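Spelled out from the first residue to the last, the chains are:
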Amino acid sequence: GQQLNQSPQSMFIQEGEDVSMNCTSSSIFNTWLWYKQDPGEGPVLLIALYKAGELTSNGRLTAQFGITRKDSFLNISASIPSDVGIYFCADSISGSARQLTFGSGTQLTVLP
Amino acid sequence: DSGVTQTPKHLITATGQRVTLRCSPRSGDLSVYWYQQSLDQGLQFLIQYYNGEERAKGNILERFSAQQFPDLHSELNLSSLELGDSALYFCASSVADEGEQFFGPGTRLTVL
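Chains as they are written, first to last, in the working numbering: chain A, 1 to 112; chain B, 1001 to 1112.
A couple of the hints might just be wrong.
[Claimed, not checked] According to the in silico footprint, chain B covers these stretches of chain A (three or more CB under 8 Å from chain B):
| no. | region |
| --- | --- |
| 1 | 44 to 56 |
| 2 | 98 to 110 |
[Unchecked claim] Result set (SDA-like, lysine to any residue): computed pairs, CA atoms no more than 20 Å apart in a straight line:
| no. | chain 1 | residue 1 | chain 2 | residue 2 |
| --- | --- | --- | --- | --- |
| 3 | A | Lys51 | A | Asn75 |
| 4 | A | Lys51 | B | Glu1098 |
| 5 | B | Lys1009 | A | Val44 |
| 6 | B | Lys1057 | A | Gln3 |
| 7 | A | Lys51 | B | Glu1100 |
| 8 | A | Lys51 | A | Ile67 |
| 9 | B | Lys1009 | B | Val1111 |
| 10 | B | Lys1057 | B | Asn1077 |
| 11 | B | Lys1009 | B | Pro1105 |
| 12 | B | Lys1009 | B | Thr1020 |
| 13 | B | Lys1009 | B | Leu1088 |
| 14 | B | Lys1009 | B | Arg1022 |
| 15 | A | Lys70 | A | Ala48 |
| 16 | A | Lys51 | A | Ile28 |
| 17 | B | Lys1009 | A | Gly40 |
| 18 | A | Lys51 | B | Gly1099 |
| 19 | B | Lys1009 | B | Leu1083 |
| 20 | B | Lys1009 | B | Leu1081 |
| 21 | B | Lys1009 | A | Pro39 |
| 22 | B | Lys1009 | B | Gly1084 |
| 23 | B | Lys1009 | A | Glu41 |
| 24 | B | Lys1009 | B | Gln1037 |
| 25 | A | Lys70 | A | Ala52 |
| 26 | B | Lys1057 | B | Gln1067 |
| 27 | B | Lys1009 | B | Phe1064 |
| 28 | B | Lys1057 | A | Gln99 |
| 29 | A | Lys51 | A | Asn30 |
| 30 | B | Lys1009 | A | Asp38 |
| 31 | A | Lys70 | A | Gly53 |
| 32 | A | Lys70 | A | Ile28 |
[Said to hold, decoys possible] DEER-style ranges, computed between Cβ atoms:
| no. | chain 1 | residue 1 | chain 2 | residue 2 | range |
| --- | --- | --- | --- | --- | --- |
| 33 | B | Glu1100 | A | Leu55 | 12 to 22 Å |
| 34 | B | Ile1012 | A | Val44 | 20 to 30 Å |
| 35 | A | Gly53 | B | Ile1012 | 43 to 53 Å |
| 36 | B | Gln1041 | A | Asn75 | 26 to 36 Å |
| 37 | B | Gln1067 | A | Gly59 | 35 to 45 Å |
Hints listed in this document are in silico derivations from the structure and should not be mistaken for laboratory results. Remember, predicted model here, so these are calculated numbers, not experimental data. Ideal Cβ positions, reconstructed from N, Cα and C, are used throughout, including at glycine.
Excised from the complex, chain A in its bound form (with noise of 0.2 Å):
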């Protein structure tokens, strides 16, 4: 079955801190998925990309999907406390959102 690769695993950043994650495939993806989970919640859908070489923007926040389709990444611009939480990357098969495949997640720590 396909793989996806997360990385880095934990990250510790200063608050103001520009942050970086990537997220690469075996496969080729139809759609990438990036959502954050915070501590005791469910994972909340941040930004969706549905075309190679897509780059969108939520706020701070700006993802891209690669242009090969098997990598993405996610930037976080100026971090403040409350971006603390675990990344992850998610792909769905064959362009579909039934079954969503999850990367193993970053941790991020913002220090004060």
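Chain B: place on chain A using the hints.
Chain B alone, transformed into the frame defined by chain A:
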């Protein structure tokens, strides 16, 4: 608050027992998805129902079963529980057969 509700929030039981987790989707959503989140396996898709019918199946054990009722709520039944079944179980819902999935807060199952 995603609008998806899950009960109970926590469940502690013993090996060999059977439990039922309940999920109510967002108002108007016809699809319900179940995911398992464990430390070693990460977030994994289990099963999807759409308007009462099973639509997609993932890595769901034979000891696990689910159903979606006419009022669209769903139940995940876990039987012959093992220590390794301890995990967070999330329900998600979407409007249609595919599309953005909204996650509930999860049920934390502990098997002793």
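Taking the hints in turn, this is what the structure says about them:
With a threshold of 8 Å between beta carbons, the proposed coverage of the region 44 to 56 of chain A by chain B holds, since 3 of its residues qualify and at least three are required. Given a C-beta distance limit of less than 8 Å, the hint that chain B covers the region 98 to 110 of chain A holds, as 8 residues qualify and 3 suffice. Among the hinted pairs, A:Lys51 with A:Asn75 is consistent with the structure: their alpha-carbon atoms are about 18 Å apart, no more than 20 Å. Taking the CA atoms of A:Lys51 and B:Glu1098, the gap is about 17 Å. The hint holds against a cut of 20 Å.
Of the pairs offered as hints, the one joining B:Lys1009 and A:Val44 holds, with about 18 Å between alpha carbons and a cut-off of 20 Å not exceeded. Distance hint between B:Lys1057 and A:Gln3 is fulfilled; the C-alpha atoms sit about 17 Å from each other, no more than 20 Å. With a C-alpha separation of about 16 Å, the suggested pairing of A:Lys51 with B:Glu1100 holds against the 20 Å cut-off. For the suggested pair A:Lys51 and A:Ile67, the alpha carbons sit about 9 Å apart, so the restraint of at most 20 Å is met.
Between B:Lys1009 and B:Val1111 the CA atoms are separated by roughly 14 Å; this keeps the pair inside 20 Å, and the hint holds. In summary, the hint linking B:Lys1057 to B:Asn1077 is supported, as the alpha carbons are separated by about 15 Å, within the 20 Å threshold. For the suggested pair B:Lys1009 and B:Pro1105, the alpha carbons sit about 8 Å apart, so the restraint of at most 20 Å is met. Restraint check for B:Lys1009 and B:Thr1020: satisfied, since their Cα atoms lie roughly 12 Å apart, inside the 20 Å limit.
Pair hint B:Lys1009 plus B:Leu1088 holds up; C-alpha atoms about 10 Å apart against a cutoff of 20 Å. With a CA separation close to 10 Å, the supplied pair B:Lys1009 and B:Arg1022 stays within the 20 Å bound. With a C-alpha separation of about 15 Å, the suggested pair A:Lys70 and A:Ala48 falls inside the 20 Å cut-off, and the hint holds. Under the criterion of a C-alpha separation no larger than 20 Å, the hint pairing A:Lys51 with A:Ile28 is consistent with the structure, at around 12 Å.
Taking the CA atoms of B:Lys1009 and A:Gly40, the gap is near 10 Å; set against the 20 Å cutoff, the hint holds. With a C-alpha separation of about 16 Å, the suggested pair A:Lys51 and B:Gly1099 falls inside the 20 Å cut-off, and the hint holds. Under the criterion of a C-alpha separation no larger than 20 Å, the hint pairing B:Lys1009 with B:Leu1083 is consistent with the structure, at around 19 Å. Annotation: proposed proximity of B:Lys1009 to B:Leu1081 holds, straight-line Cα distance about 18 Å (limit 20 Å).
This hinted pair checks out: B:Lys1009 and A:Pro39 have alpha carbons roughly 14 Å apart, not beyond 20 Å. Taken as a hint, the B:Lys1009 and B:Gly1084 pair is honoured in the structure, with Cα atoms around 19 Å apart against an allowance of 20 Å. At roughly 11 Å between alpha-carbon atoms, B:Lys1009 and A:Glu41 fall within 20 Å of each other, so this suggested pair holds. Of the supplied pair hints, the one linking B:Lys1009 and B:Gln1037 holds, its CA atoms being roughly 14 Å apart against a limit of 20 Å.
The straight-line distance between the Cα atoms of A:Lys70 and A:Ala52 is roughly 9 Å, inside the 20 Å bound, and the hint therefore holds. As the CA atoms of B:Lys1057 and B:Gln1067 are separated by approximately 12 Å, the hinted pair is consistent with the 20 Å bound. In summary, the hint linking B:Lys1009 to B:Phe1064 is supported, as the alpha carbons are separated by about 19 Å, within the 20 Å threshold. With a C-alpha separation of about 8 Å, the suggested pairing of B:Lys1057 with A:Gln99 holds against the 20 Å cut-off.
At roughly 7 Å between alpha-carbon atoms, A:Lys51 and A:Asn30 fall within 20 Å of each other, so this suggested pair holds. As the CA atoms of B:Lys1009 and A:Asp38 are separated by approximately 16 Å, the hinted pair is consistent with the 20 Å bound. About 11 Å separates the Cα atoms of A:Lys70 and A:Gly53, which keeps this hinted pair within 20 Å; it holds. As the CA atoms of A:Lys70 and A:Ile28 are separated by approximately 5 Å, the hinted pair is consistent with the 20 Å bound.
The hint said 12 to 22 Å for the Cβ distance between B:Glu1100 and A:Leu55, and at roughly 20 Å that hint holds. For B:Ile1012 and A:Val44, the hinted distance range of 20 to 30 Å is satisfied, since their beta carbons lie about 27 Å from each other. Distance hint check: the CB atoms of A:Gly53 and B:Ile1012 are about 49 Å apart, consistent with the given range 43 to 53 Å. Taken as a hint, the range 26 to 36 Å holds for the pair B:Gln1041 and A:Asn75, whose Cβ atoms sit roughly 28 Å apart.
Under the hint 35 to 45 Å, the C-beta atoms of B:Gln1067 and A:Gly59, about 39 Å apart, fit the expected range.
Of the numbered hints given earlier, the model fails none.
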